[in-house]
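Participant: Each chain is listed here by its residues.
Number of protein chains: 4
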Amino acid sequence: MSFNSFGHALRFTTWGESHGPALGAVVDGCPPGLSLSEADIQPFLDARRPGQSRFTTQRREPDQVRVLSGVFEGKTTGTPISLMIENVDQRSKDYSEVAKAYRPGHADWAYDAKYGLRDWRGGGRSSARETAARVAAGAVARLVIPEVAILARVIEIGGDKAEGFDPDEVARNPFFCADADAAERWEALVDDARKSGSSLGAVVECVATGVPAGWGAPIYAKLDAELAHAMMGINAVKGVEIGEGFKAARLSGEENADPMRPGEDSPEFLANHAGGIAGGISTGQPVVVRVAFKPTSSILTPVETVDREGNAAEIMTKGRHDPCVGIRGAPVVEAMMALVLADQKLLHRAQCG
Amino acid sequence: MSFNSFGHALRFTTWGESHGPALGAVVDGCPPGLSLSEADIQPFLDARRPGQSRFTTQRREPDQVRVLSGVFEGKTTGTPISLMIENVDQRSKDYSEVAKAYRPGHADWAYDAKYGLRDWRGGGRSSARETAARVAAGAVARLVIPEVAILARVIEIGGDKAEGFDPDEVARNPFFCADADAAERWEALVDDARKSGSSLGAVVECVATGVPAGWGAPIYAKLDAELAHAMMGINAVKGVEIGEGFKAARLSGEENADPMRPGEDSPEFLANHAGGIAGGISTGQPVVVRVAFKPTSSILTPVETVDREGNAAEIMTKGRHDPCVGIRGAPVVEAMMALVLADQKLLHRAQCG
Amino acid sequence: MSFNSFGHALRFTTWGESHGPALGAVVDGCPPGLSLSEADIQPFLDARRPGQSRFTTQRREPDQVRVLSGVFEGKTTGTPISLMIENVDQRSKDYSEVAKAYRPGHADWAYDAKYGLRDWRGGGRSSARETAARVAAGAVARLVIPEVAILARVIEIGGDKAEGFDPDEVARNPFFCADADAAERWEALVDDARKSGSSLGAVVECVATGVPAGWGAPIYAKLDAELAHAMMGINAVKGVEIGEGFKAARLSGEENADPMRPGEDSPEFLANHAGGIAGGISTGQPVVVRVAFKPTSSILTPVETVDREGNAAEIMTKGRHDPCVGIRGAPVVEAMMALVLADQKLLHRAQCG
Amino acid sequence: MSFNSFGHALRFTTWGESHGPALGAVVDGCPPGLSLSEADIQPFLDARRPGQSRFTTQRREPDQVRVLSGVFEGKTTGTPISLMIENVDQRSKDYSEVAKAYRPGHADWAYDAKYGLRDWRGGGRSSARETAARVAAGAVARLVIPEVAILARVIEIGGDKAEGFDPDEVARNPFFCADADAAERWEALVDDARKSGSSLGAVVECVATGVPAGWGAPIYAKLDAELAHAMMGINAVKGVEIGEGFKAARLSGEENADPMRPGEDSPEFLANHAGGIAGGISTGQPVVVRVAFKPTSSILTPVETVDREGNAAEIMTKGRHDPCVGIRGAPVVEAMMALVLADQKLLHRAQCG
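Residue numbers (our numbering), protein chains in the order written: chain A, 1 to 353; chain B, 1 to 353; chain C, 1 to 353; chain D, 1 to 353.
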């Protein structure tokens, strides 16, 4: 029932608004004795940080993380790790219009309907800035699962799919794309959207390798259900798939089978349609998740709306925005994958030793 | 951390295996004073019950529910409601081969890897029979949200999409299909799969109307994240979408906008690309979820596998199975929708009065 | 927020009313591979069972437990263990007066104030019969902590304290008393109360030996806080102490010290004022809890009250009651101790490996 | 399973060590629209603040709170409220001896046994400084329950009981004592302990008036169980009683009865032995809790102990300490009472509307 916490054995709570003084995360349940300093977290925040290319919002935030508790002489102590990031480049006056009328597709109306008031500065709590706290927490989670490697990449922008796969390419372009050709095409695509004040959707695929068989649990704690919860909760996400996902609905049982062969320590699989999860439990194969990001609703074309008094209005979102929020979604998807897997590792250890 | 519980304010726990003496659900947190008898639950179980047409498994289970607690003189008392359904048509010997080797695509290997042992009779806890308990719990949840109407229907089987939409049609064919023409086509399609010992996937769409604006909560308790968790946890589900879902990733911000106009009590929307949820909170529009079911892995074609000792083997799943598990998924999707919404109604009331 | 569940990693949910068809517990999160049959549970239920001496209620309940799920070929499978006990000796008509007026000291008025209605038959859900489900769940918990031995004994009835301590004596008298002399005195004491339709309070002390150092966790998951929650939630309990308890408030720091000396594997302690817990974490010493049970409010002396319409009334509790509920509290205190410790063992393993 | 969170519907998480840069609390689930500023919190922190008389530790901490999120234009927004208090008067070198050997009665050994390492500066996370975060969170909770008045007072120090009761007196002496005579006696008593480097225990009683009938819930969410958990988790607490508490174990059913008479809106009670709770649910009477604080283990008399290598040692706790930690426990007990009641109010609203 904690609206702002996630996880069970490894559990984190985030706080903070887009234009408040700071935002942060408290990570609880971290195993003791892990080496942790701000330098372990900062690179992941830097990857998500805005303002690094013309393809993301121009808000300039250093996103410098401070570790305020839970670490002593360079090691985690098992007590809560408090992480804080100060906001430094707020321009709340850009949002004065948002105070009065609802931006369709944004959370403005829903927040007002629920709470009777909202912090309209930069979207307040509903801003994607909150994902910085997830990324910081995710960096801690990675330390809990050194056996796992996680790579998220954008595989589609505005309907244009990447084809090639070179993992080293992901860090070389501003799109987290593993296909150099696609990355080049997307430059033009996203530039066009940006210049015309439009926006584009994207699909992110995330693969975790090294997950041993046995993580997750049946019924209401399924690994895939936890991942679906984690990913669907990211701002702008409208769809989540595991393995073949929706395509599996169009395959026959024969086509969708993942035959098994004797392996060294555990069986080998001849295919991975299942995306590494069966019955809610990891099989030892790579865990594969795909996440659909909608185009941001912040566009320069005026949209019909209503104001707080219920009168007809038009709104055009100024402020500074990502023309394609899905791009910066990649590090966030990676963080949520790490947080889910680290939590599941500890849960598995609790029950099965 | 309860592996077999779901929900927060309205929380249910299920138990039971496919071939054990019984299965059941304990529903906790139900508001007091609601009229409840077995007759309120049975129709939903009957809709999900197998053996009603040749398109589902031929296991004959009456799925008769008993209310063992929490109701006094026909009213809920606010104490836990224990629901029990006896298993009557187990044929465990059909599964003797499953005891020795792993069925690829099933949870057999993953359970063994996690727990070191498994109840192999009919899939044990991983059997879709568990969903009977969800459906029973879902019937209680519906009483908590009389303002909401929920309809799930199969919109696609084996890649063949239904086009028409007549809600009354859903109860008239064995496919929970709102399009009489598609239902007719599917008879042949599913028959073919059944006769050839193959299996088919399906897509189910579920729409909840009457959900007021304001249910759900930001960040890690988003209504869409809760729904994604609920749906991805159903047996055989590999994908979940809200509103436009993956299609939203291919739309521009202009195309995906849901403009608002002044309405009587609250704004009217000119579109519902968002599927009734913004920022994790309901907007007052219909809540729209789509769920992808894979084809069941139980097929008559032999598949390569390994046995418990790690030797190469082949397995062909006999037993009694659904040629398309997605069909009977429709009542389960409805139940999970009801359980999520009822829970969110109570949670909203807790925080916002 | 589950009102009827307890525990975190090992979590159980109970259901059922005093005069309903049955009551039960669902134990979730139990490690797999433990040997479990009904015979492992029944002895603990028998110890708590009423009607075995003239010092407890004369309701005759066999309290026969059935294991409905979670066990396969004699081993726990890691899936939920459903335990059910049928009620066979209800006499609801004894309670017809209770339907109309509130028994002071009982939950009657509070339930009506909260829920607007109540199952008045035998106290419904508020009956101490629910503790049978705890005892059954506790028997499962014991299997999780074979390294721990738990002994609860009544140390005081109606202000008369037991002095001697012979652990073997506990099973020899109907009072769970480790002092044969006190047990003899209590026969007369409780008989007097029973014959005059009065009731007596009691104090139960429970000691768990073999608990290793390191179970529990700081701040809001302290082992002592968990125990306090567990014990204060037992029917009729009004006080909980750890170690010296209230007496510690009257000692000086010097008197209350537990000096430490080098030991073989871990330090030895020269005293145990702390009751085996420091900073919320076990120290390796015996864990010592004391629990105060009030005299049951069911007495034959008429007490002033009001009826459901708010009119003045008098009530005299007929039905069948324990003259000293604290006696049968001993097995319940043991069960709660086992449930807390088993849970903490798994939680410790989750975080610290 | 969150080790550092408390509450269900209104849930708070604390973080921070005694000698780290800061400590804080994140309060989640707070209803929206409540007026909140730092001025609403500071007076409660000031009451708990050390260094205000010679009877508490001489560590000088301003305990200035900052509200970092969750409030907009002076109103709570329903999103998490992050509260931060900076540490300014750490003197870690006082604790160098504590790094090497275990202080008996402190959490030193237990933390090392659990985590393999510990932040020994000022007790790290186990320091009573953490209670500042509780007090800050408690101030927010009070806003949720304006109908309730809470008063905690010290009723006993070192075995010397206060007799008189003048609520206005509580704020007039440094002992939170409602009896001016006792306060005078305690000056000498605590001075003696302080000068001789000894320490004293205390008993705190807390009464909440204005709690309506119906808060709390049966079985494992009992109001008294929640209070027991909350209070037993406060540093140095070893016992918790509700109403008559342990004394109830020495009363007969007749003596312990709380007869009821017709009242205006709800029944009137002629006594309150139960402490305002029956069956785990509030009755409308004042809720009465008593809490036993042990004498702090930090004394100047050398105590036998072992060092980290397991060798025999002696330790004498220097640093700055409270001669009677129970005194400053009073504001902490009040805070926990407020946090439990506010949570229960929201939980009751969730289920019962």
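Hints are computed from structural coordinates only; laboratory data are not their basis. We treat Cβ as the ideally placed atom computed from N, Cα and C, and that holds for glycine. Keep in mind that the hints are not guaranteed to be accurate.
[Unchecked claim] Sample of chain B residues at the chain D side, in silico, Cβ under 7 Å:
| no. | residue |
| --- | --- |
| 1 | Ala9 |
| 2 | Gly29 |
| 3 | Pro50 |
| 4 | Ser53 |
| 5 | Arg54 |
| 6 | Pro212 |
| 7 | Leu346 |
Participant: Does each hint fit the structure? Answer for all of them.
Facilitator: Structure-based check of each hint:
no. : hint   : in the structure
1   : Ala9   : holds (4 Å)
2   : Gly29  : holds (6 Å)
3   : Pro50  : violated (35 Å)
4   : Ser53  : violated (40 Å)
5   : Arg54  : violated (44 Å)
6   : Pro212 : violated (15 Å)
7   : Leu346 : holds (4 Å)
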